[in-house]
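Protein sequence lines, in the order shown, are assigned to chains A and B.
The opening residue of the first sequence carries number 6 in my numbering; numbering runs sequentially from there.
The opening residue of the second sequence carries number 4 in my numbering; numbering runs sequentially from there.
Honestly, I wouldn't trust all of these hints.
[Claimed, not checked] Result set (SDA-like, lysine to any residue): computed pairs, CA atoms no more than 20 angstroms apart in a straight line:
1. A/K79 - B/S245
2. B/K14 - A/G108
3. B/K14 - A/Y91
4. B/K22 - A/G108
5. B/K14 - A/G35
6. A/K93 - B/F26
7. A/K134 - B/F26
8. B/K22 - A/R92
9. A/K134 - B/S232
10. A/K134 - B/Q224
11. A/K202 - A/G35
12. A/K93 - B/S245
13. B/K151 - B/N78
14. A/K134 - B/S23
15. A/K134 - B/K14
16. B/K24 - A/F19
17. B/K14 - A/M94
18. B/K22 - A/Y91
Rather than coming from a laboratory, the hints here were simulated on the basis of the structure.
Being a predicted model, the structure only gives us computed values, none of them experimental.
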Amino acid sequence: MTPSIELRGVQKRFGDFVAVGGVSLLVQPGVLFGLLGPNGAGKTTTIRMMMDIIAPDAGEVFFFGRERRPEDLKRVGYLPEERGLYRKMTVVDQLVFLGELRGLKRRQSLPKIERWLERVELGAWGKRKVEELSKGMQQKVQLIGTVLHEPDILILDEPFSGLDPINQGLFKDLFFEYKQRGKTILFSTHVMEQAEKICDHIGLISQGRVILSGELKEIKRRLGGNSYRLVADSADGGGGDGLAGAMARLEGLPAVDQVVRRGEDGAVKLLLRPDAVGSEVLRQIVPFLAVKEFRSEEPDLEEIFIKAVRDAA
Amino acid sequence: MQLSHAVVVGKREYLTRVKSKGFWLATALLPLFMGAMVLGPALAASKSRAEQRLAIVDSTGAGLGRELAEALTRNAKEYERGQSGVRFEPQLIAPGPDPAAQRQELDRKVRAKEFNAWVWLTTAGLKENRFEYHSESLSNVITQERLKSRIKDVVSNWRLRQAGLDSAKIAELIRPFDLETVRVSATGSRAEEGMSGFMLAFGLCFVLYMVIIIYGSQVMQGVLEEKTSRVIEVITSAMRPSALMTGKLVGICLVALTQLAIWVAALVVLSSPAIIGAFVAMPAGMTLPSLSPAVVVHLFLLFLLGFFLYSTLYAMIGASFNSIQEAQQFAAVAVVFIVPPLMFIMPIINDPDSTLAVSMSFFPFFTPLVMMLRIASKMPPAWQIAAAYSICLVTIGLMIWLCARVYRVGILMYGKKPTLQEIWRWVRYA
Chain A
6 MTPSIELRGV
16 QKRFGDFVAV
26 GGVSLLVQPG
36 VLFGLLGPNG
46 AGKTTTIRMM
56 MDIIAPDAGE
66 VFFFGRERRP
76 EDLKRVGYLP
86 EERGLYRKMT
96 VVDQLVFLGE
106 LRGLKRRQSL
116 PKIERWLERV
126 ELGAWGKRKV
136 EELSKGMQQK
146 VQLIGTVLHE
156 PDILILDEPF
166 SGLDPINQGL
176 FKDLFFEYKQ
186 RGKTILFSTH
196 VMEQAEKICD
206 HIGLISQGRV
216 ILSGELKEIK
226 RRLGGNSYRL
236 VADSADGGGG
246 DGLAGAMARL
256 EGLPAVDQVV
266 RRGEDGAVKL
276 LLRPDAVGSE
286 VLRQIVPFLA
296 VKEFRSEEPD
306 LEEIFIKAVR
316 DAA
Chain B
4 MQLSHAVVVG
14 KREYLTRVKS
24 KGFWLATALL
34 PLFMGAMVLG
44 PALAASKSRA
54 EQRLAIVDST
64 GAGLGRELAE
74 ALTRNAKEYE
84 RGQSGVRFEP
94 QLIAPGPDPA
104 AQRQELDRKV
114 RAKEFNAWVW
124 LTTAGLKENR
134 FEYHSESLSN
144 VITQERLKSR
154 IKDVVSNWRL
164 RQAGLDSAKI
174 AELIRPFDLE
184 TVRVSATGSR
194 AEEGMSGFML
204 AFGLCFVLYM
214 VIIIYGSQVM
224 QGVLEEKTSR
234 VIEVITSAMR
244 PSALMTGKLV
254 GICLVALTQL
264 AIWVAALVVL
274 SSPAIIGAFV
284 AMPAGMTLPS
294 LSPAVVVHLF
304 LLFLLGFFLY
314 STLYAMIGAS
324 FNSIQEAQQF
334 AAVAVVFIVP
344 PLMFIMPIIN
354 DPDSTLAVSM
364 SFFPFFTPLV
374 MMLRIASKMP
384 PAWQIAAAYS
394 ICLVTIGLMI
404 WLCARVYRVG
414 ILMYGKKPTL
424 QEIWRWVRYA
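For reference, chain B alone in the conformation it holds in the complex (with noise of 0.2 angstroms):
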């Protein structure tokens, strides 16, 4: 393979791409798209709005019932104010004399819609913390979730006082409690909110996802375009196949990492201090978790294995076909490799170290996003990073062969949609 070459290709790739203006509205455009993904199921969470009309029977003869129906009438007066996302409109209904009949009398209503739901406190259901919820639906269960502990708090405060205790005492013992989080890393320590570090670590994984995947596919786009327009005929009579596919993945990844830099640039700018201030008024103390630079380092580096662990699997898918829409079919199977971790985004981020978090990380086409969320989440330890990498870059190298092999076949072969039998022939070709 002659190094030239390969230069000439590279260079091709890297402008042409540059150049053209899909790159730059996509530089300027993705961010926002990432921004809507991150925070617009958050603000919708937030903003979300739930009302109901509740039906409360209370045959524990304590008063309770009165009493959450005045709980939830508060409730509606934080829903006004948009601290809550739920609003009750409780309605006390006194106990008959036969509850089996007065059950079946109010699922009617519910049926009926004369209210959404009942709750029955009953003195028994006190006594084993359990009580009666009737609604159509039981998916609501931010509603529900409200509901529990408002009927918690009305229990609790009536078993205190059953206790001795008066109600202004209460109302002093119990007050709610925050968390200060502070972040205590090999910098030193710094308050920080929990959530943001939480959007950060998902965040940076969401992003090397976007970006392996863009470059990939483009990668394989790119194969596919000089083998359907028939230019690698010329192509390959100046230069090796390697030559050529080694000019194209690295002009390819320079492109990615132009992106990335220009991201991150505009994130370290827009995220420092003085402009933050001028836009949010931070508590006193209170820090944006920033993106330290060996976060950044490894950004770079997860980013550089996943993209050369994935675009060669997708070159490989790329030379092999004859047209995008075949290609597309085994180019899923890319995805199935990439998408796991994103399904243990939670349970990774809450426990950066623990077993689950750990193995994956050591699964080289898990290993860009998974140690990107534990890092982002806390700095692993230097064997768990020096290990993984390792694995990532041996599988890559293998991947590097597979790929030179079936690509040197593949790229002249028209016609046919080739078998996996023949693909794996083309590989075992002297």
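This is chain A alone, in the form it adopts within the complex (with noise of 0.2 angstroms):
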């Protein structure tokens, strides 16, 4: 299958700061792909490397299986972190004037527009001013905006930022319905939990490098270790001290890396060392503790981030 984006060693440094150090990439056609990564890990620049808005210092930038050119930014629909629009414009004049950047006439484009500014519930806003529009309104009309001329591929920077709840709702049917269509959805986010319920592939982005990248199953697999859940009546811990004496004792089982507390209902998450098996670890608990539930748990994506900076330093 021939990716639709494909970064190879994009750098791009701004004087003395290396902001992107060598990123590869590699997005398949009908993936929600996430660039995961905190504040000022290079997403940003990395976004518009691939959006030709700055130019890369080495590496090349690939769409559609070949080396980018102007008119595959068509194909493209791209929403910058920073939102605007010209505040003075009417709604529709505004869509019609984004559609033409990408190419779209304004005959083609008027029952588009009017199609969507139904969907979106702004049917009777089209002749208003853009600054007459609650902010809600505008993400509304920013988001039409970037789809209006069918993009096979879209780009979002951090999209869900700012955006209240029933328009979080808005981009991510729209995301979903894209992804049925077979198009590709590339998003960054620094919120792992938003990524973690919405993408199927990842690239976590750390001080300008891919720490780590793929589909997220197979990562939280590879990496997610060996973790179990366990609830348990604290009040039965046979030693007689209690949630302190329980959790020493765990931590002291050959088979246990790590201990966490969860917050809820007095669980712990056990990460067992790699060649440990489950039901062994049961049977050395049982003796001290009345075990109500111990399963296998997936690891969340922040953990992984986290272990994968670690190990990556």
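Make one complex out of these two single chains by using the hints.
And the structure:
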């Protein structure tokens, strides 16, 4: 399959500061790809280089399996992190203009604009100036502007930041709709839970480098290690020293790497050594804890990310 | 750079502006404002009224004081009829035995506001052609001029009488004279009022100045609007900054040309003999200085030169800063370049071929306004026009290059206000 987007060793420095130090990424068609990383990791710079807003110092950008050509960008919908519209233009004129930027003629875009405005419940606002719209409405207009020309690739920089819950839902629905139609979506975020819920592929970027990338499920399986969720009746700890004693005893088990307290209902997370077997460990716990629940648990992205950053350093 | 992108941007710039109420309001109101600016001072000067209670001391013994008082009283009648802006109330005072003491007494009366000023006609002064004039304020130059000319009339009359001529003969010999002004140009000679020729040159220069400044700063505001609203982020993902800049400059330039064309058309229609004749009775054979096609062509050419010189400067300023407030300080730089010709309007119109006028027209940032003044007053030699326009074009080329380099970096820089060194570094980026 020809990848929709590919970056090969893309670099960018600003003066002495290395913003992006050689990023390589592969995004397949029909994939919802999350470009993850903390603020300042180089996500926006990477995206801007994809969009040809700034030129990389080294490396290449490929769209649709060949080196990027200017006309390729007409097949891309781009939502920048910093959003904005012409305040004095009417909603329709604004959208026609955004369509024209991507090669759409006025008469082609007008019916599409009408349909979109109806869909996001802005049907009555077409002739109003942007400055008369609420912030949430402006976000909707901006989103329409991003997808009006029916792009094959959507590139969105922090699309969820500053969105109200209604628009978050709207954006997510649109993402899944696009994915179902076989289109490619790449978006950046620094909020891991968000990415975890909707992405199927991720790229983790830290200090200008990709430290991890691939299918989310596969990454979790590979890096999640061997972890279990344990809930026990701590009063029945056996040693008479309550929870603290039970925790100490758990940590003392040779197969247990780490014990992490979970906030709620006295549950703990046990990170086992890679070769340890869950049922063996359970047998060792039962003598001193009244186990109510013991099950294999998926690691969350946050943990994977922290571990990956630590390993990379 | 893709032309189609520049066209999309230019179309937006043009349509949003021409469709706005502000454009039509400015198109209608600016000529009124201009008219007020040009005609106002002249009108005010002609209508300005001054009154002076003047004490006249005459120690010449030749009756000059009485004659002056009479002349000044005649002047008062002209004043009533609106022909003179100064009204004198002369008061003859006999010279006393002690001139020094009398001088002090007269000064005291000026301070006590018994009269506003005094003039002393002396025999010595008659020989040296100077009389003493005392007043609390000496900035009343129009009043002084008027008084001087009356004194000159009275003294000349007296001298001619001394030479043996009688009063009637003198009156017949000394009659005011006027110049019948005829403009000579390539298209033929025609009678024209000198003052209106001056007004035309002044007016055209001023229109050019206003349009360049107004549309130049619109470019700056437009660039800043895209930057502060962050629309720029989406646009730069679709096109090169050079296409955006080109579209913006050309679009706004077309708006200005539209406005200029409306004005020129209105002027041509309104100043046609048929319409003027309906309002003003023109002296036979006299016409208003009309806009010759050559002058109109140069007006548009000079506008284009001026617009691209200054709008690139304004675009550069807009791209470098983050808000109108920050940019405004630097926008003053543009004004520093455009204003000097306005300070030399008088000498340039009066002698359009002077070394001053010619050398100023070769400095590219002065060329548009100075050449407008010269062309409207008297068509300069073709080689000078060609040279000045060429220098201007080369400078515009340089400005566009410089602007494009600052622009492409500046439009995506937010936050800190850049220093001049930083802006220079943007220029040198590959």
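These are the hints, each one checked on the structure:
Taking the CA atoms of A/K79 and B/S245, the gap is near 18 angstroms; set against the 20 angstroms cutoff, the hint holds. Only pairs whose Cα atoms come within 20 angstroms are accepted, and B/K14 paired with A/G108 is accepted, the gap being roughly 14 angstroms. A distance of roughly 15 angstroms separates the Cα atoms of B/K14 and A/Y91; the hinted pair therefore holds under the 20 angstroms criterion. At roughly 24 angstroms between alpha-carbon atoms, B/K22 and A/G108 are farther apart than 20 angstroms, so this suggested pair is violated.
For the given pair, B/K14 sits about 36 angstroms from A/G35 by alpha-carbon distance, which is inconsistent with the 20 angstroms threshold. The straight-line distance between the Cα atoms of A/K93 and B/F26 is roughly 14 angstroms, inside the 20 angstroms bound, and the hint therefore holds. For the suggested pair A/K134 and B/F26, the alpha carbons sit about 18 angstroms apart, so the restraint of at most 20 angstroms is met. At roughly 15 angstroms between alpha-carbon atoms, B/K22 and A/R92 fall within 20 angstroms of each other, so this suggested pair holds.
For the hint linking A/K134 to B/S232, the alpha-carbon distance of about 14 angstroms falls within 20 angstroms, and the restraint holds. At most 20 angstroms may separate the alpha-carbon atoms for a hinted pair to count; A/K134 and B/Q224 meet this at roughly 19 angstroms. Between A/K202 and A/G35 the CA atoms are separated by roughly 17 angstroms; this keeps the pair inside 20 angstroms, and the hint holds. Taking the CA atoms of A/K93 and B/S245, the gap is near 24 angstroms; set against the 20 angstroms cutoff, the hint is violated.
Of the supplied pair hints, the one linking B/K151 and B/N78 holds, its CA atoms being roughly 13 angstroms apart against a limit of 20 angstroms. Of the supplied pair hints, the one linking A/K134 and B/S23 holds, its CA atoms being roughly 12 angstroms apart against a limit of 20 angstroms. Distance hint between A/K134 and B/K14 is fulfilled; the C-alpha atoms sit about 18 angstroms from each other, no more than 20 angstroms. Taking the CA atoms of B/K24 and A/F19, the gap is near 44 angstroms; set against the 20 angstroms cutoff, the hint is violated.
The suggested pairing of B/K14 with A/M94 holds, with an alpha-carbon distance near 13 angstroms, which does not exceed 20 angstroms. Of the pairs offered as hints, the one joining B/K22 and A/Y91 holds, with about 15 angstroms between alpha carbons and a cut-off of 20 angstroms not exceeded.
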